[in-house]
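Asker: Sequence:
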Amino acid sequence: VVLREKSILRLEYRVDSDRARSARVQAIIIGNCGSLPANILLLPDAAVDDGKLDVIVVKPESFKGWLDVMVKIFWENGIVRRTKWGKKAREFATDSVDFRQARSLVIRLNRPEEVELDGDPFGEMIGCRITVEPGALTVKVPAQ
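Under this note's numbering, residue 152 is the last one in the sequence shown; the count climbs by one each step, no gaps.
A portion of the hints provided could be inaccurate.
To be verified - Computed Cβ-Cβ distance ranges for the label pairs, DEER-style:
id, residue 1, residue 2, range
1, 150, 16, 42 to 50 Å
2, 151, 119, 49 to 57 Å
3, 132, 72, 30 to 38 Å
4, 70, 137, 25 to 33 Å
5, 127, 22, 23 to 31 Å
6, 151, 118, 46 to 54 Å
7, 120, 151, 21 to 29 Å
8, 79, 131, 30 to 38 Å
9, 47, 120, 30 to 38 Å
10, 152, 114, 40 to 48 Å
11, 148, 31, 36 to 44 Å
Hints in this document: simulated from the structure, not taken from any laboratory. Just so you know, even glycine gets a beta-carbon here, dropped at the ideal spot from N, CA and C.
Between the sequences and the hints, there should be enough to build the whole structure, so can you do that?
Answerer: This is how it looks when you write it as C-alpha cells:
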C-alpha cells in the first residue's frame, strides 16, 4: 500500500499499541517483502513469513531531507547492508525516514487521499487499519 500526493500529507499513525504520532509525510509504504524491481532494497528487514508488516514513513522537510532519504534507501539499504562490513556498521540516523515493523498499523488522514495497492490506483481513503494474521495463508507446492 502506498499513500502519496504531490503535496505533503498530514496524518496520524499508530504502530501496534504505541502512542499515535502526528506527521507531515510524503509517503507511507507498507509491505512484507523488501525489494523493488532493479533489486532496490526498500524494506530491509522485511520477510514474507515473519508475521509482521514492514512500514516506511518518508518525511523529508527540505532538500537535505531528500538527500537523507536517498542515502538511507539507495546507499545504506542498497549497498552497505549487502556487505559483510555493512552488516556490522552503525546505521545512518535521519528523521526523514522512519522504518517500523508492526502487527497492526492505524492511519488517519486529514482529508481523503488517493491510495495505490501494489502500484495500481485503488481509490481514496481517509483512514485505515492494516493487520497481519500470521499463518493465515496456506501455500501448497508440488512434491519433488
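Asker: Confirm or reject the claim that residue 127 and residue 22 have a C-beta distance inside 23 to 31 Å.
Answerer: 26 Å, holds
Asker: Range hint 25 to 33 Å: satisfied by the CB atoms of residue 70 and residue 137?
Answerer: 32 Å, holds
Asker: May I ask you to test the hint 46 to 54 Å on the CB atoms belonging to residue 151 and residue 118?
Answerer: 53 Å, holds
Asker: Between residue 132 and residue 72, does the beta-carbon spacing fit 30 to 38 Å?
Answerer: 32 Å, holds
Asker: So does residue 47 sit 30 to 38 Å from residue 120, Cβ to Cβ?
Answerer: Distance hint for residue 47, residue 120 holds at roughly 35 Å.
Asker: Regarding residue 148 and residue 31, is the given constraint of 36 to 44 Å on their beta-carbon distance met?
Answerer: Holds, at about 41 Å.
Asker: Given the range 30 to 38 Å, decide if the beta-carbon distance of residue 79 to residue 131 lies inside it.
Answerer: Given about 34 Å between the Cβ atoms, the range holds.
Asker: Does the Cβ distance between residue 120 and residue 151 fall inside 21 to 29 Å?
Answerer: 49 Å, violated
Asker: May I ask you to test the hint 42 to 50 Å on the CB atoms belonging to residue 150 and residue 16?
Answerer: The hint (42 to 50 Å, Cβ to Cβ) holds, given that residue 150 and residue 16 are roughly 49 Å apart.
Asker: When you take the CB atoms of residue 151 and residue 119, is the distance between them in 49 to 57 Å?
Answerer: 53 Å, holds
Asker: Taking 40 to 48 Å as the stated bounds, is the beta-carbon spacing between residue 152 and residue 114 within them?
Answerer: 43 Å, holds
Violation of the numbered hints given earlier is confined to hint 7; every other hint is satisfied by the structure.
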